[in-house]
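Please build the complete structure, drawing on both the sequences and the hints.
As a plain string of letters, each chain reads:
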Amino acid sequence: MTWTQMQPLLTQACVDTLYMVGWSTLVAALGGVPLGVLLVLTDRGGMLRNLAVNRVVGAVVNVGRSLPFVILLVALIPFTSAVVGTFIGPTAAVVPLAVGAVPFFARLVETAVREVDRGLVEAAQAMGGGTGTVVFKVLLPQALPSLVAGLTTTVIVLIGYSAMAGVVGAGGLGDLAHTYGYQRFETTLMLVTVAVLVALVTLVQLLGDAAVRLLGRRERTG
Amino acid sequence: MITTTDLTKVYRTRDREVTALDGVNLHVQEGEVHGVIGQSGAGKSSLIRCVNLLETPTSGTVTVDGRDLTALAGRGARPSAALRQARSRIGMVFQHFNLLSSRTVRGNVELPLEILGLGRAERRRKALDLLDLVGLAPHARAHPAQLSGGQKQRVGIARALAGDPKVLLSDEATSALDPETTASVLALLRDLNRQLGLTVLLITHEMDVVKTVCDSASLMRDGRIAESGTVRELLATPGSALAAALFPVGGPPPEDGDRTVVDVTFHGAATGRPLISQLARTYHVDVSILGAAMDTVGGAQIGRMRIELPGRFSDNVVPIGFLREQGLAVEVVTGAAPADAQASAAPTKEATR
Ligand SMILES: Nc1ncnc2c1ncn2[C@@H]1O[C@H](COP(=O)(O)OP(=O)(O)O)[C@@H](O)[C@H]1O
Ligand SMILES: [Mg+2]
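Taken in order, these protein sequences are the chains called A and B.
The opening residue of the first sequence carries number 768 in my numbering; numbering runs sequentially from there.
The opening residue of the second sequence carries number 116 in my numbering; numbering runs sequentially from there.
The reader is advised that the hints may include incorrect statements.
Distance condition first, Cα-Cα at most 30 Å in a straight line; then the derived DSBU-like pairs of lysine-lysine [stated by the list, open to error]:
| hint | chain 1 | residue 1 | chain 2 | residue 2 |
| --- | --- | --- | --- | --- |
| 1 | B | Lys281 | B | Lys326 |
| 2 | B | Lys281 | B | Lys241 |
| 3 | A | Lys904 | B | Lys326 |
| 4 | B | Lys281 | A | Lys904 |
It should be emphasised that the hints constitute simulated quantities derived from the structure, not laboratory data.
As structure tokens, then:
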């Protein structure tokens, strides 16, 4: 296979991968942040102490986290079909990817938010701040560097998962490596695909690290 | 301005109960700086945190500026809107400053103003005014990490003043600072107290803090207030542990034997009169001065002296009576003194630790 033959395939695969990872990251962020914050607030000593809610949410998150992604992929087929209308293609893959990523990111959010100094929460409460103030003006802004680091990790995990989803017909780079590289022995294409995946992961990590460093600069002197 | 009535706080953990406050009746007058001093674990932080209900008292009431805050507390862990409103009028500063590293200095001062719902322009103006008041206007755009400890605490104070509070609570605000910075932060608190008529309740474990800024003080021990009063009253109270710690006389420890050792405290006009030489001349006694000090406590000149008179207490009743008549606080340390004077020697030592 020549480069001109490979290029459109690779471009389409990249677009599909970015599409799957992009949407599932968005859902992971939108779902993971509230869940993670809720886990902290409802825990013992939290502002919205409610152990029943805490246990239930904690259990759901744990189950979501401990299921191997391949199982999730298969188990969610009926659900995906119901939501998207099909279980093949990049859009369908977003469903299991997001379902897997939400609890993963939620735990990272929980850890990041827990690390915020209790004294800061207390200071906001002493000024007359309520839960909203504490969450949006103290917890989230203070945890932002850790949240960004957690999101970076989540994106990288999602790139890996999306490749796995590719094997079962989601499209994207994983699909390309599998159908051409593995099934049709297009070794060059497979190697190029792997190189693109590695480059993608590296790029995400570098961008994430740079963002964390930029945000973290304010905590240090200078 | 601040009154607590039979305030108790019991912390219940899984395996034990800790009674941090055991019936505290605190009374802070409007416009005064009141210091609460005590050893670590005495319950000082619990007390100040109960005043703005950061900690819910187990029983008892807290009244600030005529409002019973305990009645405003909501159910469970969530504070009611009324309590939050009341809190926004009570400033608080903390030992570890508790500034948001995610915001600039100005942003930190603006936070309480955001909670109060002020508009952007007004917040900015007010925050800059407050920073000017604490001498930090040039650092408005810096991040807290770029400031020294003393500067951070000034930001903390500016932030605490944002809600135009009548009351400022300070929990060991200078304990993380070096002595020089401590002095400047205390001077700032004193100025604010004078200029704005701010009532200040401050918690400390350092006697020097009480000495420098407080009009009145309370000594806490094991969750109770052991002594309380204006600094002047305390110094005039025989056997006051706070007075002894505020102003140690020094001098060698009294020996038992055929002599009487007394501590004499002078204030006001008495500091200027030659009372000891009068005593020696009038009663023909040889007075030895074992130790003496002059100091400024709560803005007033105070002198203390430990003197020794020959003979047992019973031989010295008349000269001691003379000193008392002159308006001095006289405390007999040894010399087969009456029971009450004897008893006072013990707590004196404990408070100095
Ligand atoms: N949140 C808490 N849970 C359990 N025990 C506490 C808590 N806060 C304080 N205590 C206990 O209450 C007592 C008084 O503490 P504190 O008010 O912090 O004293 P101080 O500020 O005078 O050092 C101590 O024995 C302390 O261990
Ligand atoms: Mg304390």
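Evaluated hints:
1. Taking the CA atoms of B:Lys281 and B:Lys326, the gap is about 23 Å. The hint holds against a cut of 30 Å.
2. Under the criterion of a C-alpha separation no larger than 30 Å, the hint pairing B:Lys281 with B:Lys241 is consistent with the structure, at around 17 Å.
3. Using a Cα cut-off of 30 Å, the hinted pair A:Lys904 and B:Lys326 is violated, with the two alpha carbons roughly 38 Å apart.
4. Taken as a hint, the B:Lys281 and A:Lys904 pair is honoured in the structure, with Cα atoms around 25 Å apart against an allowance of 30 Å.
In the structure shown, a violation is registered for the earlier hint numbered 3 alone.
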